[in-house]
Amino acid sequence: LLKCMGGLLTPTAGEVRLNDRPVSGPPPGMAFVFQEYGRSLFPWMRVRENVELPLTQKPLSKARRRELVTDALESVGLTDAAGAYPWQLSGGMQQRVAIARALAYEPDVLLMDEPFAAVDAQTRADLEDLVRGLWRERGITVLFVTHDIDEAVYLGERVLILSASPTVVQEQLKVDLPDERDQLHTRVAPRFAELRTHVYEQIQAAKRGGTDTGPPEKRLT
1 LLKCMGGLLT
11 PTAGEVRLND
21 RPVSGPPPGM
31 AFVFQEYGRS
41 LFPWMRVREN
51 VELPLTQKPL
61 SKARRRELVT
71 DALESVGLTD
81 AAGAYPWQLS
91 GGMQQRVAIA
101 RALAYEPDVL
111 LMDEPFAAVD
121 AQTRADLEDL
131 VRGLWRERGI
141 TVLFVTHDID
151 EAVYLGERVL
161 ILSASPTVVQ
171 EQLKVDLPDE
181 RDQLHTRVAP
191 RFAELRTHVY
201 EQIQAAKRGG
211 TDTGPPEKRL
221 T
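Just so we're aligned, residue 1 is where the sequence shown starts under our numbering, counting upward by one.
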């Protein structure tokens, strides 16, 4: 799905449109953060060079590229690691490099394919807060794919629940949690638990090939 949206794969049916225009190749205002961060970074390039690489395809001066790279690294807390090689960094720091590279491109839309699946729990929580903070600061539209229900509810403004194959959007759930969220308080809030339970029920229903709305008094809108 993300490859089709990012113009990397042609849909066998239907059409992908961005800003009311069909997507036939990678759109100029879109960036992609992949799950396997270790394979998306070039080990022979330093962090700064990895972040700058996509900018070489834009008509930018060297000074402007340096400015964008510096700003992106600062945004993800990697200013001091600019001269390091990816293999010298932890998994969480490598994924921050991948996020910085996407930010430096100044995208309008950011696609993220299970970007935190391979990091430990604490690093995952830190990266979740980083992405949500960047979304608020920069106003980027983020489409984030995850199999972690808690992560989907914590990060999202909307959660799109997909059905079993052949896949359709089974439900669009508005996440009506406060904009200000944190790992300690948001995750223990009663509303968070209600939303998480609802998403879980819908996923189980999708496995059975149906939609489980539950009793009327339990339905979430």
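What the hints contain is simulated information worked out from the structure, not anything from laboratory work.
Treat the hints loosely; a few may be bogus.
Pairs of lysine-lysine residues, derived as DSBU-like cross-links and limited to a Cα-Cα distance of at most 30 angstroms, are as follows [as the list claims (entries may be wrong)]:
1) K58 with K3
2) K3 with K174
3) K58 with K207
4) K174 with K207
Simulated restraints, written as ranges between beta carbons of each label pair [as the list claims (entries may be wrong)]:
5) K207 with G25: 34 to 44 angstroms
6) D176 with S24: 18 to 28 angstroms
7) R138 with P59: 37 to 47 angstroms
8) G25 with T70: 28 to 38 angstroms
9) N19 with E67: 25 to 35 angstroms
10) E137 with Q35: 22 to 32 angstroms
11) D20 with V145: 35 to 45 angstroms
Glycine residues also receive a C-beta, built at the ideal position from the N, C-alpha and C atoms.
Each hint tested on the structure:
With a C-alpha separation of about 22 angstroms, the suggested pair K58 and K3 falls inside the 30 angstroms cut-off, and the hint holds. With a C-alpha separation of about 25 angstroms, the suggested pair K3 and K174 falls inside the 30 angstroms cut-off, and the hint holds. The hinted pair formed by K58 and K207 fails the criterion: a straight-line CA distance of about 44 angstroms is larger than 30 angstroms. Note on K174 and K207: the hinted pairing holds, with a Cα-Cα distance of about 22 angstroms set against a maximum of 30 angstroms.
Checking the proposed 34 to 44 angstroms range against K207 and G25 shows it holds: the Cβ atoms sit about 35 angstroms from each other. The hint said 18 to 28 angstroms for the Cβ distance between D176 and S24, and at roughly 36 angstroms that hint is violated. Hint check: R138 to P59, Cβ distance near 22 angstroms, so the stated range 37 to 47 angstroms is violated. For the pair G25 and T70, the supplied restraint of 28 to 38 angstroms holds, since their beta-carbon distance comes to about 30 angstroms.
Between N19 and E67 the C-beta distance comes to about 26 angstroms, which sits within the given range of 25 to 35 angstroms. Range check, E137 to Q35: about 24 angstroms between beta-carbon atoms, so the 22 to 32 angstroms window is met. Our hint of 35 to 45 angstroms for D20 and V145 is violated, since their Cβ atoms are close to 24 angstroms apart.
Going through the hint list in order, the structure does not satisfy hints 3, 6, 7 and 11.
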